[in-house]
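Engineer: Sequence:
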Amino acid sequence: MKKIIFVALISIFNFQFSISHAQCNAALMKYAERYPAAEATDLYKLVFQDLYGPGHLLTDSLAAVRYITKEVAEMKDTNTFPLYEYTLCDSNFVRVNLVLVKRGVLSLEQLVSALLRSAKGLPSPDHKFVMSHSAAFRAAYDPHYRIVRRDIFEREILSLIP
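Heads up: the sequence shown at position 98 corresponds to 98 in the numbering used here, and the numbers run straight through without jumps.
If you are wondering where the hints come from, they were derived from the structure by calculation, not from laboratory data. Every value quoted in this text rests on a predicted model; they were computed, and no experiment measured them. For each residue, glycine too, the CB sits at the ideal point set by N, CA and C. There's no promise every hint is true.
Said to hold, decoys possible - Quick list of in silico lysine to any residue cross-link-like pairs, SDA-like style, CA-CA up to 20 Å:
#1 30 with 143
#2 102 with 71
#3 76 with 135
#4 30 with 133
#5 45 with 91
#6 45 with 149
#7 45 with 105
#8 45 with 102
#9 45 with 143
#10 120 with 150
#11 102 with 141
#12 120 with 64
#13 70 with 120
To be verified - Each pair of labels, with its calculated beta carbon distance range:
#14 62 with 34: 28 to 38 Å
#15 129 with 104: 28 to 38 Å
#16 22 with 73: 36 to 46 Å
#17 22 with 107: 37 to 47 Å
#18 30 with 135: 17 to 27 Å
#19 158 with 108: 10 to 20 Å
#20 29 with 132: 21 to 31 Å
#21 91 with 37: 15 to 25 Å
#22 132 with 73: 19 to 29 Å
Please put together the full structure from these sequences, using the hints given.
Structural biologist: See below:
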């Protein structure tokens, strides 16, 4: 069933990507193997993030700082989500784990600056197409991250990660 959903997702989004349908399909299958608790919503979210990045989230930088500060304070330092993870299928963006802020590897100011610059100039999708992770995904992997544009991540953040 998951394979059918993956293929459907790629078919829906395929026209937007520079890589082939087969490459996107392979990337989604690899993601599903890495995250067996992932549901269709989670796969959709990953593809959606590669197309739209953080553009739909950032409307107020002060609110972003407050929300991230609260989330970092409440999250466990032991979450099993990767420290960073490239989105699919073109890998235009990177999921940056908030545990890096919690551990002091990345400052809140650095992250918010990267987020604001990552969101600049991006199309804002209709909010009815924005989805959260499934309950199963949240329970299994406890994801706490923000989306940063790939070039900003690789230039400013990647070298900070141990």
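Engineer: Each hint needs a verdict: does it hold in this structure or not?
Structural biologist: Here is how each hint holds up against the structure:
Between the alpha carbons of residue 30 and residue 143 the distance comes to roughly 18 Å, so the proposed pair stays at or under 20 Å and holds. Distance hint between residue 102 and residue 71 is fulfilled; the C-alpha atoms sit about 10 Å from each other, no more than 20 Å. Between residue 76 and residue 135 the CA atoms are separated by roughly 17 Å; this keeps the pair inside 20 Å, and the hint holds. Of the pairs offered as hints, the one joining residue 30 and residue 133 holds, with about 18 Å between alpha carbons and a cut-off of 20 Å not exceeded.
Taking the CA atoms of residue 45 and residue 91, the gap is near 13 Å; set against the 20 Å cutoff, the hint holds. Annotation: proposed proximity of residue 45 to residue 149 holds, straight-line Cα distance about 16 Å (limit 20 Å). Under the criterion of a C-alpha separation no larger than 20 Å, the hint pairing residue 45 with residue 105 is inconsistent with the structure, at around 26 Å. Between residue 45 and residue 102 the alpha-carbon distance is near 24 Å, which puts this suggested pair outside the 20 Å criterion.
As the CA atoms of residue 45 and residue 143 are separated by approximately 13 Å, the hinted pair is consistent with the 20 Å bound. About 13 Å separates the Cα atoms of residue 120 and residue 150, which keeps this hinted pair within 20 Å; it holds. Taking the CA atoms of residue 102 and residue 141, the gap is about 17 Å. The hint holds against a cut of 20 Å. Of the supplied pair hints, the one linking residue 120 and residue 64 holds, its CA atoms being roughly 15 Å apart against a limit of 20 Å.
Under the criterion of a C-alpha separation no larger than 20 Å, the hint pairing residue 70 with residue 120 is inconsistent with the structure, at around 24 Å. Restraint check, residue 62 to residue 34: a C-beta distance of roughly 35 Å satisfies the suggested window 28 to 38 Å. At roughly 36 Å, the beta carbons of residue 129 and residue 104 sit within the given window of 28 to 38 Å. Between residue 22 and residue 73, the C-beta spacing of about 43 Å keeps the proposed range 36 to 46 Å intact.
A hinted range of 37 to 47 Å holds for the C-beta pair residue 22 and residue 107, which are about 41 Å apart. For the pair residue 30 and residue 135, the beta carbons lie near 23 Å from each other, so the given range of 17 to 27 Å is met. One distance hint, 10 to 20 Å for the beta-carbon pair residue 158 and residue 108, holds here, with the actual separation near 18 Å. For the hinted restraint 21 to 31 Å between residue 29 and residue 132, the CB-CB distance of approximately 23 Å keeps it satisfied.
Checking the proposed 15 to 25 Å range against residue 91 and residue 37 shows it holds: the Cβ atoms sit about 22 Å from each other. Distance hint for residue 132 and residue 73: a CB-CB separation of about 20 Å, consistent with the stated range 19 to 29 Å.
Violated hints, listed in ascending order, are 7, 8, 13; each of the other numbered hints is respected by the structure.
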